[in-house]
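One letter stands for each residue in the lines below.
Number of protein chains: 2
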Amino acid sequence: VSAFVDFYFDFSSPYSYVAAHLIEKIAERHKRTVIWHPIVIGTAFKAVGGAPLPTIPLRNDYVERDVSRLARFVGLPYQHPSAYPIPTQHAACAFLWGQDRDPERAKEFARKVFHAYFVENRNIADLDVVLEIIESFGLERAAAHEALTGSQLKERLKAETELAMSRGVFAAPFFIVDGEPFWGYSRLPILEKWLAEGPF
Amino acid sequence: VSAFVDFYFDFSSPYSYVAAHLIEKIAERHKRTVIWHPIVIGTAFKAVGGAPLPTIPLRNDYVERDVSRLARFVGLPYQHPSAYPIPTQHAACAFLWGQDRDPERAKEFARKVFHAYFVENRNIADLDVVLEIIESFGLERAAAHEALTGSQLKERLKAETELAMSRGVFAAPFFIVDGEPFWGYSRLPILEKWLAEGPF
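Taken in sequence, the protein lines are chains A and B. Number 218 marks the last residue of the first sequence (the numbering used here); no jumps. Number 218 marks the last residue of the second sequence (the numbering used here); no jumps.
It is possible that some hints are incorrect.
Pairs count within a copy or across copies, as identical chains cannot be separated in the list.
Said to hold, decoys possible - In silico lysine to any residue, SDA-like type, Cα no more than 25 angstroms apart, as pairs:
id, residue 1, residue 2
1, Lys176, Leu94
2, Lys211, Arg83
3, Lys130, Val147
4, Lys211, Val147
5, Lys43, Asp84
6, Lys130, Asp84
7, Lys211, His98
8, Lys176, Glu164
9, Lys176, Arg77
10, Lys176, Gly216
11, Lys130, Ala160
12, Lys130, Pro95
13, Lys211, Glu164
14, Lys176, Arg83
15, Lys130, Ile44
16, Lys176, Leu76
17, Lys176, Asp79
18, Lys211, Tyr96
19, Lys211, Leu76
20, Lys211, Leu40
21, Lys211, Tyr80
Keep in mind that the hints were calculated from the coordinates and are not lab data.
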């Protein structure tokens with residue numbers, strides 16, 4: 019049995035924001051470490067023939083309402099962003115860059131990015147916004163800027179997304195526990211039963 | 019405040035099968051009556067630009083696994099049907115026909131149809147299978163056959179689906195409580211909080 023829980027998220031996914039606040043406590047209760055994997059879900063959707071939620075009109079209205087209500091249900095602040103969805107490549111690359119330095123602080127960074135987008139309505143598609151958040155962690159803006167404008171992190175993000183898809187990930191949030199896939203915030207209670215009791 | 023909970027379901031939807039076994043107890047705890055509404059989700063998907071789950075490859079594999087696991091989680095038998103998804107017009111029309119006679123027995127009928135499809139692997143797209151289930155309730159096969167092969171119930175089912183869509187329903191299972199929409203099995207705990215406390 020692996021000691022890990024793999025957590026796949028997209029910074030543009032409000033349900034990923036909710037999951038990012040819940041998964042660590044669940045894993046802790048069962049002595050697991052969560053490995054966070056940013057993916058770019060637009061890429062995944064192209065391959066599997068789905069569509070981002072907001073392109074489907076009835077569903078779009080529902081999702082905005084559902085996420086706000088869900089956030090109240092779990093006790094998180096939420097304000098639906100005025101620009102949604104947005105490209106999240108910079109934020110995802112910044113996460114990878116930070117993860118190499120300190121995986122646990124990178125999780126804090128991710129929560130701060132989610133908060134900027136889903137609570138403060140800041141446009142995290144903007145490189146400057148991402149760099150400001152990086153700076154707030156005491157990291158050097160110039161080094162981050164160089165890494166984020168180069169091609170290496172972008173290629174790595176693409177490879178991370180392709181690797182995720184090869185494991186069956188087609189949406190976010192998505193979790194894999196010992197090979198078992200769980201899609202969505204709503205499967206967390208089932209994931210926890212799995213952690214507690216093993217396969218059922 | 020309305021005394022009702024509207025429950026929209028498609029006989030081809032495994033998550034509707036699960037919801038059909040849970041919604042009555044939840045409503046009872048809060049002294050609500052559940053009104054069951056069969057809809058034909060294929061029609062709805064055409065309008066909103068979505069697609070039935072099995073047409074999306076990675077998602078299809080996941081859904082089969084997820085539903086089996088979910089059924090074990092809530093304690094229901096489940097066997098993924100060999101023909102899936104299937105047209106559910108006959109079963110939905112039969113439900114409407116029975117509902118005019120006895121709304122509570124029609125719910126039993128619906129659960130029996132779900133069981134035939136998702137446990138016994140019987141093809142409920144087949145008119146004869148639907149008629150057999152009707153007969154098992156002591157109802158007259160000839161009268162049911164006449165109603166199910168006529169145009170009236172089919173037109174009514176179409177109108178029911180259009181009415182549902184005009185209320186924001188785009189998938190099944192779907193619930194509406196005092197105007198508030200809830201999509202999916204997984205929102206039942208949030209629906210129950212709504213029933214208990216009102217809007218939050």
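Each hint, compared with the structure:
1. Lys176 with Leu94: neither (31 angstroms within a copy, 40 angstroms between copies)
2. Lys211 with Arg83: between (29 angstroms within a copy, 16 angstroms between copies)
3. Lys130 with Val147: Close inside one copy (11 angstroms), not across copies (56 angstroms); limit 25 angstroms.
4. Lys211 with Val147: This pair counts as neither: shortest intra-copy Cα distance 39 angstroms, inter-copy 37 angstroms.
5. Lys43 with Asp84: So Lys43 and Asp84 pass the 25 angstroms test inside a copy (23 angstroms) and across (23 angstroms) alike.
6. Lys130 with Asp84: within (22 angstroms within a copy, 31 angstroms between copies)
7. Lys211 with His98: between (31 angstroms within a copy, 22 angstroms between copies)
8. Lys176 with Glu164: Answer is within; shortest intra-copy Cα gap is 18 angstroms, inter-copy 58 angstroms.
9. Lys176 with Arg77: Result: close only across copies, 20 angstroms inter versus 28 angstroms intra.
10. Lys176 with Gly216: neither (32 angstroms within a copy, 45 angstroms between copies)
11. Lys130 with Ala160: within (20 angstroms within a copy, 66 angstroms between copies)
12. Lys130 with Pro95: Classified as within; 13 angstroms inside a copy, 43 angstroms across copies.
13. Lys211 with Glu164: Neither way: Lys211 and Glu164 sit 44 angstroms apart in one copy and 49 angstroms across, limit 25 angstroms.
14. Lys176 with Arg83: neither (31 angstroms within a copy, 27 angstroms between copies)
15. Lys130 with Ile44: within (20 angstroms within a copy, 37 angstroms between copies)
16. Lys176 with Leu76: Only across copies: Lys176 and Leu76 sit 18 angstroms apart there, 31 angstroms inside one copy, limit 25 angstroms.
17. Lys176 with Asp79: between (30 angstroms within a copy, 23 angstroms between copies)
18. Lys211 with Tyr96: between (28 angstroms within a copy, 19 angstroms between copies)
19. Lys211 with Leu76: Answer is between: at 24 angstroms across copies they meet the 25 angstroms cutoff, but 33 angstroms inside does not.
20. Lys211 with Leu40: both (15 angstroms within a copy, 19 angstroms between copies)
21. Lys211 with Tyr80: Between. Shortest inter-copy distance 18 angstroms satisfies the 25 angstroms Cα cut-off; intra-copy 29 angstroms does not.
Hints 1, 4, 10, 13 and 14 from the list above are not met by this structure, while the remaining hints are.
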